[in-house]
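Kindly produce the complete structure, drawing on both the sequences and the hints.
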Amino acid sequence: MAKHVAILYGGWSAEREVSLASGRACCKALEDQGYKVTPIDVQSDIATVLQAVAPDVVFNALHGRVGEDGTIQGLLELLRIPYTHSGVLASALAMQKDKAKIIMAAAGVPVPKGMVVNRFEAAKSHVLPAPYVIKPISEGSSYGVIIVREDRSHPPQELLREDWAFGDQVLVESYVAGRELTCAVMGDKALGVIDIRPATGVFYDYDAKYVKGGSIHVLPAEIKPNIYQKVQELALTAHQALGCRGISRADLRYDDTPGGTGELVVLEVNTQPGMTETSLVPELAAHAGYTFSELVQWMVEDATCNR
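For the sequence shown, UniProt numbering assigns the number 1 to the initial residue and increments by one for each residue that follows.
Because the hints were derived from the structure by calculation, they are not lab data. Treat the hints with care, since some could be wrong.
Capping the alpha-carbon separation at 30 Å, the derived lysine-lysine pairs in DSS-like fashion look like this [unchecked claim]:
hint: 1; residue 1: Lys-28; residue 2: Lys-189
hint: 2; residue 1: Lys-189; residue 2: Lys-3
hint: 3; residue 1: Lys-3; residue 2: Lys-28
hint: 4; residue 1: Lys-36; residue 2: Lys-189
hint: 5; residue 1: Lys-99; residue 2: Lys-230
hint: 6; residue 1: Lys-224; residue 2: Lys-113
hint: 7; residue 1: Lys-99; residue 2: Lys-124
hint: 8; residue 1: Lys-36; residue 2: Lys-3
hint: 9; residue 1: Lys-189; residue 2: Lys-230
hint: 10; residue 1: Lys-113; residue 2: Lys-99
hint: 11; residue 1: Lys-113; residue 2: Lys-189
hint: 12; residue 1: Lys-189; residue 2: Lys-224
hint: 13; residue 1: Lys-230; residue 2: Lys-113
hint: 14; residue 1: Lys-99; residue 2: Lys-189
hint: 15; residue 1: Lys-124; residue 2: Lys-113
Set out below in structure tokens:
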């Protein structure tokens, strides 16, 4: 008898729309593979809904807070329903970018120099020499990210907006010039490396991530073989240091600009990478020989509790 898979998607984080797209794509792939699938747009009554649906496995297609920060994972552990992706601790750690950096650095993974400051302080004066980056501590999809360039005389005043929705503490990091690289880990193996080039501008923002044609993905990345291998090693080390399970994706910066530093740093690890038609993990899996359906099936068969 085919497994009954509940797909959790939607929710109420800033990344709701991306999650809906991921969930729909995974739902179709699993139905095509013969699974019984129940899609669930997650609301605050999710515990009651899951008990009524009684699935064999939960495929977690949520992105952002609640779905990616250990909250839903803790609920699934309590309900003893096997689920995909990382467990409670790894999810919580990876979502808190400042804490994740401490863990990764302790494991020998290079990370950008930076600090956590109050957003009002960051709006009052430059807390780092420009260029630097300001980002929310626990958001994904580039929400709330501000790049402060050398020619910006005043610190970013958008931090003072009344509708700022990303908390009063922000992460400020030195800007690393050069390439935006990404590498996925599947189980205990690093996949390929993509060089992400925004089609417009110089920043891999929300539109570059999710709008068709928003970015150019060069796979395999056109970098020296030793750097390519180093990226794979760092992605796997970061995945293991944080205790990730299933699929994760590490985002990196590599400064190979003329006269640049040659610096290679891991920015963050995504424990719930996007699974849309423009997403990076399905593209990396395809390069490794997995169809989208095979990738999603692998994730379902990998699902457990105690992750």
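Is the hinted pair Lys-99 and Lys-230 satisfied, with a Cα-Cα distance of at most 30 Å? holds, 23 Å
Is it true that the CA of Lys-36 sits at most 30 Å from the CA of Lys-3? Since the Cα atoms of Lys-36 and Lys-3 sit roughly 6 Å apart, the hinted pair holds (cutoff 30 Å).
Measure nothing beyond the straight line between the CA atoms of Lys-230 and Lys-113; if it is 30 Å or shorter, mark the hint as holding. Holds, because 20 Å separates the two Cα atoms, which is no more than 30 Å.
So if I understand the rule, the pair passes when the alpha-carbon distance is 30 Å or less; does Lys-113 with Lys-189 pass? The hint holds at about 28 Å.
Measure nothing beyond the straight line between the CA atoms of Lys-224 and Lys-113; if it is 30 Å or shorter, mark the hint as holding. It holds: about 25 Å lies between the C-alpha atoms, which stays within 30 Å.
Has the given pair, Lys-3 with Lys-28, been kept, meaning a C-alpha gap of at most 30 Å? Answer holds: Lys-3 to Lys-28 is near 15 Å, not above 30 Å.
Starting from Lys-189, check that the Cα of Lys-230 is at most 30 Å away, please. holds, 14 Å
Hinted pair Lys-113 and Lys-99, Cα distance within 30 Å: Roughly 13 Å between the alpha carbons, so the hint for Lys-113 and Lys-99 holds.
Next pair to validate is Lys-99 with Lys-189; report whether the Cα-Cα distance is within 30 Å. Holds, at about 24 Å.
Below or equal to 30 Å on CA atoms is what counts here, so check Lys-189 against Lys-224. holds, 20 Å
Verify the proposed pairing of Lys-124 with Lys-113, using a straight-line Cα cut of 30 Å. holds, 20 Å
Could you grab the alpha-carbon distance between Lys-189 and Lys-3 and see if it respects the 30 Å cut-off? holds, 26 Å
Comparing the model with each earlier hint shows no violations; every hint is respected.
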